[in-house]
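Here the protein sequences come in this chain order: C and W. Add 70 to a position in the first sequence, counting from 1, and you land on the number used in our numbering. Add 70 to a position in the second sequence, counting from 1, and you land on the number used in our numbering.
What the hints contain is simulated information worked out from the structure, not anything from laboratory work. Even glycine gets a Cβ: it sits at the ideal position worked out from N, Cα and C. Treat the hints with care, as some may be off.
What the hints assert, rightly or not - Chain W is nowhere near these chain C residues, computed Cβ spacing over 12 Å in every case: (1) PRO171; (2) ARG213; (3) LEU230; (4) ASP309.
What the hints assert, rightly or not - Non-contacting residues of chain C with respect to chain W, defined by C-beta distances greater than 12 Å in every case (computed): (5) THR95; (6) ARG175; (7) HIS201; (8) ALA209; (9) ARG234; (10) ASP240; (11) ARG296; (12) ARG325; (13) ILE326; (14) GLU336; (15) THR378; (16) ASP388; (17) ASP406; (18) ALA420.
As the list claims (entries may be wrong) - Short, incomplete list of chain C residues facing chain W, as computed with Cβ under 7 Å: (19) ALA178; (20) ARG179; (21) GLY182; (22) LEU186; (23) TYR290.
2 protein chains.
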Amino acid sequence: MTEAPMTAQAASTATAGDILSRHLTVQAGAFLRALPLAVGEVGARPGTASTVPSAGTSDLLRAVRRIGGLLHTFGSVFEQTWAQESRTELRWLLNLLALEPGYLRRSARLLGALDLLSGTDPEGTGMLAGHAGAPKARALLDRQLTLARTRAHSTVLQELRSARLHALADRMTLLVGEAPLLDSADGRAPAVLLPQAAAAFAALSAGAQQLPLQRAATPYGGDGLRRLGAVPASRGATDADTALAADDAPWARLRILVKRARYVLEVCGRASSELDGLDAVLDRQQEAADAAVTAATAARTPRITPATAYVLGVVHADQRLEVESARYAVGRRWPDLPPGPDGWLELVPADAWGHSVAPRTV
Amino acid sequence: MTEAPMTAQAASTATAGDILSRHLTVQAGAFLRALPLAVGEVGARPGTASTVPSAGTSDLLRAVRRIGGLLHTFGSVFEQTWAQESRTELRWLLNLLALEPGYLRRSARLLGALDLLSGTDPEGTGMLAGHAGAPKARALLDRQLTLARTRAHSTVLQELRSARLHALADRMTLLVGEAPLLDSADGRAPAVLLPQAAAAFAALSAGAQQLPLQRAATPYGGDGLRRLGAVPASRGATDADTALAADDAPWARLRILVKRARYVLEVCGRASSELDGLDAVLDRQQEAADAAVTAATAARTPRITPATAYVLGVVHADQRLEVESARYAVGRRWPDLPPGPDGWLELVPADAWGHSVAPRTV
Numbered sequence: 071m072t073e074a075p076m077t078a079q080a081a082s083t084a085t086a087g088d089i090l091s092r093h094l095t096v097q098a099g100a101f102l103r104a105l106p107l108a109v110g111e112v113g114a115r116p117g118t119a120s121t122v123p124s125a126g127t128s129d130l131l132r133a134v135r136r137i138g139g140l141l142h143t144f145g146s147v148f149e150q151t152w153a154q155e156s157r158t159e160l161r162w163l164l165n166l167l168a169l170e171p172g173y174l175r176r177s178a179r180l181l182g183a184l185d186l187l188s189g190t191d192p193e194g195t196g197m198l199a200g201h202a203g204a205p206k207a208r209a210l211l212d213r214q215l216t217l218a219r220t221r222a223h224s225t226v227l228q229e230l231r232s233a234r235l236h237a238l239a240d241r242m243t244l245l246v247g248e249a250p251l252l253d254s255a256d257g258r259a260p261a262v263l264l265p266q267a268a269a270a271f272a273a274l275s276a277g278a279q280q281l282p283l284q285r286a287a288t289p290y291g292g293d294g295l296r297r298l299g300a301v302p303a304s305r306g307a308t309d310a311d312t313a314l315a316a317d318d319a320p321w322a323r324l325r326i327l328v329k330r331a332r333y334v335l336e337v338c339g340r341a342s343s344e345l346d347g348l349d350a351v352l353d354r355q356q357e358a359a360d361a362a363v364t365a366a367t368a369a370r371t372p373r374i375t376p377a378t379a380y381v382l383g384v385v386h387a388d389q390r391l392e393v394e395s396a397r398y399a400v401g402r403r404w405p406d407l408p409p410g411p412d413g414w415l416e417l418v419p420a421d422a423w424g425h426s427v428a429p430r431t432v
Numbered sequence: 071m072t073e074a075p076m077t078a079q080a081a082s083t084a085t086a087g088d089i090l091s092r093h094l095t096v097q098a099g100a101f102l103r104a105l106p107l108a109v110g111e112v113g114a115r116p117g118t119a120s121t122v123p124s125a126g127t128s129d130l131l132r133a134v135r136r137i138g139g140l141l142h143t144f145g146s147v148f149e150q151t152w153a154q155e156s157r158t159e160l161r162w163l164l165n166l167l168a169l170e171p172g173y174l175r176r177s178a179r180l181l182g183a184l185d186l187l188s189g190t191d192p193e194g195t196g197m198l199a200g201h202a203g204a205p206k207a208r209a210l211l212d213r214q215l216t217l218a219r220t221r222a223h224s225t226v227l228q229e230l231r232s233a234r235l236h237a238l239a240d241r242m243t244l245l246v247g248e249a250p251l252l253d254s255a256d257g258r259a260p261a262v263l264l265p266q267a268a269a270a271f272a273a274l275s276a277g278a279q280q281l282p283l284q285r286a287a288t289p290y291g292g293d294g295l296r297r298l299g300a301v302p303a304s305r306g307a308t309d310a311d312t313a314l315a316a317d318d319a320p321w322a323r324l325r326i327l328v329k330r331a332r333y334v335l336e337v338c339g340r341a342s343s344e345l346d347g348l349d350a351v352l353d354r355q356q357e358a359a360d361a362a363v364t365a366a367t368a369a370r371t372p373r374i375t376p377a378t379a380y381v382l383g384v385v386h387a388d389q390r391l392e393v394e395s396a397r398y399a400v401g402r403r404w405p406d407l408p409p410g411p412d413g414w415l416e417l418v419p420a421d422a423w424g425h426s427v428a429p430r431t432v
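So that you can see chain C by itself, here it is in the shape it has in the complex:
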């Protein structure tokens, strides 16, 4: 198994297993190279760091997302129990690794928003310029997010030494060249892989259809603040937390479906800049929604002053506005994307799995 292009003859007879094994080998290799770097970085980090994850962690997250995505989309050709367990363990590591950089980004987002809103720069004066509650709210948010990040750091440090991570590393070692495939993986690549790719695209289209994309594409429609999506009757709609969680859930789901579709296209050696852009906007949507929750939670801290609470109310609304703005961008981009699964499949080159495609490692 090698990354070098196969000869045309060998390629035309490639099985689904060949194609997937090759990709998984590359990603598992990236995982194993990045893991010690990431562990070293987390250990060296004093708890405060920059807002972008360090190189090792970043590479590790990248590999984890892709392996998990492929095991999901093309799951039926792998040994079922193994694939399920691997996905569970990868999701565990993903959530663990994403925790600390997530808090760092959230901190940068919220404190940055507060600084803009309370800024007195003539070029960008904010509606809270010079407000007495602004420094207090800033200190409160900073304190709470630093605490959360420090706790996350301890958890990550501890888990990175755990037997669970070693077991996952062993799984990844196995994946290099020896993915546990079922007999169905012996079929020719297009016949086996295309229907599963189509299912991923169908899930993406279905996920998008559940969203009010047309309404979101109307600027200032109030989707982020005033007109949250309907709460399923079973969950009740008595409080804002439930309503906001129910409103954000289908968008969070779309983000996952977009990522899976991106990884499928990568397996075809095809990049979609539209899909990459959509993924970035949905990341922004998600981060703003999470930051809004943090602002709302901070406002419930006992014994804060009314001025602090008032500023947090403005920050909360500002982040929900960011949510609305990101959804507007999604609503505007969506019509330019291929409609339905068939539209996406047209992006798959006819000979996608007929000749060798060098898997992307970035």
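For this one, chain C is given, so just place chain W on it according to the hints.
Leaving out everything else, chain W in the frame of chain C:
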């Protein structure tokens, strides 16, 4: 002096004074008919009423705005001291009459926004759904606005019986058929009126050029919340109130210039639906900006709970978002409007003042 069309021959020799006198006669007549109705309405009102001004007050405001606008735009053909004094007195009455309906509209706007933001309707759940501070903030806003409206009502009741109003009514009686014109009003209508109309359109174009209309036309650009206009150095930029007032001022100015331009076109017997639409959007912009100030002021009430203050922060941001949304609408509409004074003058029919045009009384 009559509203019936003049013969074509008489019309072709109409002087500027003829045209303006005819319009002012109609508007002054409307003023004198609406005045007793408006006085009766204010007297009969118990202090709480609907959000639209009653018919008499509405008609009176309409006539006051138009007479004031024409005396400003075509001021040079009137006896100067008389025109200046008349405008001052009309502005006094305008501010007086607008006070109570203004508070009614602001109350409806703020309580309506709060109800949407805290609503639990499955079709329109708000980000404050079920929040404990929402009923408290609602009661606070309602109480403060009702108090302000009651005070305004007393002031209006008192002033409507004042000698000042009687003197203004006498001025309007004089205006019916006998506007105090200078000799220059004897010139032919187009020669005298067109340059003054052009000056009004030039002021409108210049007012618009001072605004970041192109930036405003970008959705979610943050103009209402994060990027307020620069505060003139002389006024300092140390607090949000100064920054917001400085930010809103040029937009408030544009609103007045649009109204004046509308009244000029009316004198030409020409309606501009684009200008009417722009006027309505600028009204919305102004009302949202005023409502935002009310929310911010309410949040400074001593001894309110943090939950109340938090909700008022969200409402404040929501109204600034409305400001941004209205400015977006202005930024989108402006390019479709005639560019520069010459563009506007092309809307003036070549024979605008060559044949009789029935002045509009609504």
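Going through the hints against the structure:
1. PRO171: Label holds. Min Cβ-Cβ 25 Å, cutoff 12 Å.
2. ARG213: 17 Å, holds
3. LEU230: 37 Å, holds
4. ASP309: 4 Å, violated
5. THR95: 44 Å, holds
6. ARG175: At roughly 19 Å from the nearest Cβ of chain W, ARG175 (chain C) sits farther out than 12 Å, so the non-interface label holds.
7. HIS201: Answer for HIS201 (chain C): violated, closest chain W Cβ roughly 6 Å.
8. ALA209: 15 Å, holds
9. ARG234: 38 Å, holds
10. ASP240: 46 Å, holds
11. ARG296: Non-interface label on ARG296 (chain C) violated, nearest chain W Cβ at 5 Å vs cutoff 12 Å.
12. ARG325: Non-interface label on ARG325 (chain C) holds, nearest chain W Cβ at 19 Å vs cutoff 12 Å.
13. ILE326: Fine: 24 Å to the nearest Cβ keeps ILE326 (chain C) off the interface.
14. GLU336: 31 Å, holds
15. THR378: 7 Å, violated
16. ASP388: Not fine: 6 Å to the nearest Cβ puts ASP388 (chain C) too close to chain W.
17. ASP406: Correct as stated: the minimum Cβ-Cβ distance to chain W is 17 Å, above 12 Å.
18. ALA420: 40 Å, holds
19. ALA178: 16 Å, violated
20. ARG179: 13 Å, violated
21. GLY182: 10 Å, violated
22. LEU186: 5 Å, holds
23. TYR290: 4 Å, holds
Hints 4, 7, 11, 15, 16, 19, 20 and 21 from the earlier list are contradicted by this structure; the remaining hints agree with it.
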